[in-house]
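Below, each chain spelled out in residue letters.
Protein chains: 2
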Amino acid sequence: MSPSATRPLILVTNDDGITAPGIRNLVESISGLGDIVVVAPDSHQSGMGHAITISNILRMSTHDFGMTGVKAFKTNGTPVDCVKLAIYKILERKPDVLVSGINHGSNASINVIYSGTMSAAVEGALEGIPSVGFSLCDFAEDADFRTSRKIVRTITKQVLEHGTPKGTCLNVNIPKLNPEDLLGLKICRQGAGHWSDSFEERQAPGGKTYYWMTGNYTDVDKGEDTDEWALRNRYVSVVPVQYDMTAYHAMTELNEWNLNIED
Amino acid sequence: MSPSATRPLILVTNDDGITAPGIRNLVESISGLGDIVVVAPDSHQSGMGHAITISNILRMSTHDFGMTGVKAFKTNGTPVDCVKLAIYKILERKPDVLVSGINHGSNASINVIYSGTMSAAVEGALEGIPSVGFSLCDFAEDADFRTSRKIVRTITKQVLEHGTPKGTCLNVNIPKLNPEDLLGLKICRQGAGHWSDSFEERQAPGGKTYYWMTGNYTDVDKGEDTDEWALRNRYVSVVPVQYDMTAYHAMTELNEWNLNIED
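Chains as they are written, first to last, in this note's numbering: chain A, 1 to 263; chain B, 1 to 263.
A few of these clues could be false.
If chains are identical, the list can't say which one is meant, so a pair holds when it fits in one copy or spans any two.
Once the Cα atoms are required to be at most 27 Å apart in a straight line, the calculated DSSO-like pairs of lysine-lysine come out as [what the hints assert, rightly or not]:
#1 LYS166 with LYS150
#2 LYS94 with LYS157
#3 LYS94 with LYS71
#4 LYS89 with LYS176
#5 LYS94 with LYS176
#6 LYS150 with LYS222
Keep in mind the hints are simulated off the structure, nothing from the lab.
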């Protein structure tokens, strides 16, 4: 497909699935900023991280998003698959911006690493596309997206104007607040946090044991420059996220090890 | 289960599944270094990235690994699920080291981000466990693991002695070479590379279209300090990988944007 070359091309995806309220609110809030193409999972893909489908088949079909001028496709793939399908199969040119979300639930702190929403944005960055993941700190299906809509439009316009810093995408988390209670936006670092998990044991009708994973998150970071701090203090957090995972500071320490290969 | 408190406790996982030759070679090569517990997927989980199973059930059962003193469990979960199950359900104390692999195929460069093998190691690091992912640059089912076995034993012993630098795990990639052709080990940064994907279109017997994703990798990094350079030049690459994805260098640039929220 060949959108107008004069208007920005905006690729939209998410991990909650193409029918989630979050992605609808995202698309509505960027309406008019460019040609919008949605490529999103046909079902819930939360917690998929940077998973890709290489050992199984992918399906894809058009989807009626119900909004004039919005082209939409759904797939059985992960959020990262959606980005790859969009770039290498669906679109005739590279999008000017990729926006992912609005996720139902926070992707602040270490959650960035498990998040399908953010992995789609990281994949966009890998392709050289200015990319942003948006998440609202409210898991409710009927969450109030008024504040999120303002933030999404503000940041998408800025990213269309400035791009994103080289090798990065943005992780934007929005507190569960009315627009008038928000103090502003803050550029933050990823806070340190920890999930303590537990596995609830149940018996299937046939008697076989299975487990549900649940977790408790603890913020273990005392800093006032973290995303978690910003969200607790009525700010939207904006963390630049990079895909170079090298711990440069650790290279010196490792070079002091005796790494001779044993016979 | 309660292993000996006087011997190191070693947690082993992978993403190729509990019956893969890679994990067997890994376990054999660390034999005698401690009490070994294997918790691994019951089938192939390559490309799963940092996916976790939160919208579906997990199953887990014991598995006869066929080696004296090795306890083993298989699950339908992802590599990261395996680490969580081990820590929060199976083991009575925190492992002294986590080793993941030996992956059938490279996880150098940007592949770290898609890799289930490496995501398991990152999850271990998040839990404060010195963790290493090992990958052999050979996809063959009957790959020659002689070189890998020496490397795995060497590095596992070093990590049992030193731990790993705070907030990191190690991404170890091993070139497809005979032991005598290897020049040594190099501490490296993650090289920059790019996957160009394509989607092969096929028709199911009923006529419905489906796709297989395939990709071509290009090394776009001219540096001689990257993992890809090391592997091409007969070295084992060792990259310290961190889970703090903040692009600190980009925070200043972002603070110069006009991030006022629109009405």
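A quick look at each hint next to the structure:
no.	hint	verdict
1	LYS166 with LYS150	within (25 Å within a copy, 39 Å between copies)
2	LYS94 with LYS157	within (18 Å within a copy, 47 Å between copies)
3	LYS94 with LYS71	within (16 Å within a copy, 50 Å between copies)
4	LYS89 with LYS176	neither (37 Å within a copy, 33 Å between copies)
5	LYS94 with LYS176	neither (33 Å within a copy, 36 Å between copies)
6	LYS150 with LYS222	neither (29 Å within a copy, 42 Å between copies)
The earlier numbered hints that this structure contradicts are 4, 5 and 6.
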